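Q: Could you use the hints to bring the two separately framed chains together as a complex?
Here the protein sequences come in this chain order: A and B.
Counting in our numbering, the first sequence runs without a single skipped number right up to 172 at its last residue.
Counting in our numbering, the second sequence runs without a single skipped number right up to 193 at its last residue.
Hints in this document: simulated from the structure, not taken from any laboratory.
Be aware that one or more of the hints could be misleading.
Straight line, CA to CA, 16 Å or less: simulated EDC-like cross-link-like pairs of lysine to aspartate or glutamate [said to hold, decoys possible]: (1) A/37 x B/65; (2) B/55 x A/168; (3) B/57 x A/168; (4) A/40 x A/99; (5) B/36 x B/65; (6) B/36 x A/99.
Now the stretches of chain A that chain B is said to cover, found in silico as 3 or more residues with beta-carbon under 8 Å [what the hints assert, rightly or not]: (7) 86-92; (8) 98-109; (9) 113-121; (10) 136-150.
Looking from chain A toward chain B, a few residues come up when the C-beta cut is under 7 Å (computed) [stated by the list, open to error]: (11) 38; (12) 42; (13) 45; (14) 47; (15) 48; (16) 60; (17) 127; (18) 131.
If you're wondering where the values come from, they're calculated on a predicted model, not measured in any experiment.
Idealized CB from N, CA, C, for every residue including glycine.
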Amino acid sequence: MKFFKYLLAGTLFGIIMAQSEAMSWYRIQEMFRFQSFHMYGIIGTAVVLGVVGVFLIKKFNLNDIQGNPIKFSSKEPQMVKSLLGGTLFGLGWALSGACPGPIVVNVGYGITSMFVVLFFAVLGTYTYGLLRDKLPH
Amino acid sequence: MIDFLISPWPWWFSGMLISAVMFTLIFFGKSFGFSSNLRTICAMTFGRKIKFFDFDWRENTWNLTFLVGAALGGFISYHFMHGGTAVIISPETLADLSTLGFAAPEGMQPSEVFSWESVLTLKGFLVLAIGGFLVGFGTRYAGGCTSGHAISGLSNLQLPSLVAVVGFFLGGLVMTHLLFPFIYPLA
Numbered sequence: 036m037k038f039f040k041y042l043l044a045g046t047l048f049g050i051i052m053a054q055s056e057a058m059s060w061y062r063i064q065e066m067f068r069f070q071s072f073h074m075y076g077i078i079g080t081a082v083v084l085g086v087v088g089v090f091l092i093k094k095f096n097l098n099d100i101q102g103n104p105i106k107f108s109s110k111e112p113q114m115v116k117s118l119l120g121g122t123l124f125g126l127g128w129a130l131s132g133a134c135p136g137p138i139v140v141n142v143g144y145g146i147t148s149m150f151v152v153l154f155f156a157v158l159g160t161y162t163y164g165l166l167r168d169k170l171p172h
Numbered sequence: 007m008i009d010f011l012i013s014p015w016p017w018w019f020s021g022m023l024i025s026a027v028m029f030t031l032i033f034f035g036k037s038f039g040f041s042s043n044l045r046t047i048c049a050m051t052f053g054r055k056i057k058f059f060d061f062d063w064r065e066n067t068w069n070l071t072f073l074v075g076a077a078l079g080g081f082i083s084y085h086f087m088h089g090g091t092a093v094i095i096s097p098e099t100l101a102d103l104s105t106l107g108f109a110a111p112e113g114m115q116p117s118e119v120f121s122w123e124s125v126l127t128l129k130g131f132l133v134l135a136i137g138g139f140l141v142g143f144g145t146r147y148a149g150g151c152t153s154g155h156a157i158s159g160l161s162n163l164q165l166p167s168l169v170a171v172v173g174f175f176l177g178g179l180v181m182t183h184l185l186f187p188f189i190y191p192l193a
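Isolated chain B, as found in the complex (with noise of 0.2 Å):
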């Protein structure tokens, strides 16, 4: 049981738990949607002069705990579970990649893009600032991300969901099948 709960979770297991969390929210009377934080982070700080940002975001204090939470479990994860065990990939994904100029997994992330020293050069800075950006900007253009649309909307049979997720998968496959061959190797 301990050696299942420390271990990498199963698609199964991860599956039904993130469903738990779905209607854990709802039940208490709130929605699962992770990507709102963002706007309330900006209606706290430099946002108020936008009409887009002009709402009180005590309202959404709740979910803001949510996401300190979702540090947490992370930290919590790192230092008494997983523990930053190499990801085991699939040997095609590792192929691929390796063609890019990566090595084998040796932790959660690859240090290729997430190493200070690969986050301080140039390309690697703007991989991540680019990322970050097209993140926060489509999120809300869409009107949510992974929880809003794939989970909570797609759960609620919403149409508009179904043609974000298509988005995102769009995005996805344009970034990693025609872009990355641009973009790595980094060096």
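If we strip away everything but chain A, and leave its shape as in the complex, we get (with noise of 0.2 Å):
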């Protein structure tokens, strides 16, 4: 039951991407054009809102549900593979027009090839893994 929450939480999540359409191929392509505000809006929304959210978190220095102090990892600084990656990633982004979460939210979905683009992702994931060390960072 302690799980419970977060399976409500991400029922959230996959309800908002397909709501706000963000997990259609065609709204991926509009971004990628400049052809609409939508998915600009939307991550500029979250990331408005996230950026005054996160520092009145640090600023009072709020807890977290079991009285622990909040802490904001900070992402590794390694710009080459940051960017590297993000350019993989963006590649892959535009060509199956889904990333991760919307991937899984297309298969509730009901758009069952989808299931193909996990499975890759996965393989990929796998990939990575396997030639981290040799890869750039």
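A: Structure, rendered in structure tokens:
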């Protein structure tokens, strides 16, 4: 039962991805063609509210529900991997029309061929783990 | 109210709720980053011999539960809310896609890409397979995806996240504007 709250949060996330149509290949195409504000509005609103919220959490040293101080982990400051990895991700995002969350939401929505994308996404992550020491970071 | 909720949601409402999901996870003592699940799945299955996957995947059970919820959310939306209504895209995108052999949208996703009829052709299969592979490889290489970098990372003003998001767009623009004309029309 201690995981039930995560199931609820995930369900809300899935409904948002579907109802906002952020899971749609068409919306990703609009975004990469700069022909609609929709995706920029979604991500922009989330980031602006996120920046304000994170700032307030840090300023008032808020605790989580277990009473532990909330800590934000810093991303590893390796720009080469961020840029190279990000670019490969972007190529895949446009090609499949979905990033990891929406891939799974699509499966639930009934787009069964997204299982192919999901399988190869796991394979891609596996391949990264395999080649990690040989890649520039 | 019900009409509003079952119709496609506007960007501002969707963006507000995504940030609510992120802060909910933060107050649960976790963080919002979906692609970690791909690594966890590797650790659970065939990856134990590789150092990168040799960790106790059970510590990420919460995120796998979140993943199951995401699929459930998609199911609920299709059956009780959105219901597969045609995505209304901008006329410019419609025109661009039409030159690539795409018909006007009839649902959430183009059948030209996602129908099994298309996926079971060599080219159609490679589109989804290579797309998925690049997403899975790229996200772990970059250290996050749209949730971990673009939402969580930018909210915490992380420079690597900004660089990764620049990469997301670099890759997306190259694929859309330079490579799509060589890929589509599929047949």
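Q: Under 8 Å between beta-carbons, do enough residues of the segment 136-150 of chain A, three at least, approach chain B for the coverage claim to hold?
A: holds (count 13)
Q: Can you take a look at whether the segment 113-121 of chain A is actually covered by chain B? Rule is 3+ residues, C-beta closer than 8 Å.
A: With 8 residues closer than 8 Å to chain B, the segment 113-121 of chain A meets the three-residue bar; holds.
Q: For the hint on residue 60 of chain A, just tell me whether its beta-carbon gets within less than 7 Å of chain B.
A: Result: holds, 5 Å to nearest chain B Cβ.
Q: Could you check if residue 38 of chain A really has its C-beta closer than 7 Å to a C-beta on chain B?
A: Holds, because the Cβ-Cβ distance from residue 38 of chain A to chain B comes to roughly 4 Å (cut-off 7 Å).
Q: Let me know if the C-beta of residue 45 of chain A comes in closer than 7 Å to any C-beta of chain B, holds or violated.
A: holds, 2 Å
Q: Please check whether residue 48 of chain A passes as an interface residue: C-beta within 7 Å of a C-beta belonging to chain B.
A: Holds, because the Cβ-Cβ distance from residue 48 of chain A to chain B comes to roughly 5 Å (cut-off 7 Å).
Q: Verify the proposed pairing of residue 36 of chain B with residue 99 of chain A, using a straight-line Cα cut of 16 Å.
A: holds, 9 Å
Q: Does the interface hint hold: is residue 42 of chain A within less than 7 Å of chain B, judged Cβ to Cβ?
A: holds, 4 Å
Q: Has the given pair, residue 57 of chain B with residue 168 of chain A, been kept, meaning a C-alpha gap of at most 16 Å?
A: holds, 10 Å
Q: Quick one, are residue 36 of chain B and residue 65 of chain B close enough, alpha carbons at most 16 Å?
A: Holds - the C-alpha atoms of residue 65 of chain B and residue 36 of chain B are around 11 Å apart, at most 16 Å.
Q: Tell me if the interface restraint on residue 127 of chain A is satisfied: Cβ within less than 7 Å of some Cβ in chain B.
A: Given a least distance of 3 Å, the restraint on residue 127 of chain A holds.
Q: Are there at least three residues in the segment 86-92 of chain A whose beta carbon sits under 8 Å from a beta carbon of chain B?
A: With 4 residues close enough to chain B, the hint holds.
Hint compliance for this structure: no hint is broken.
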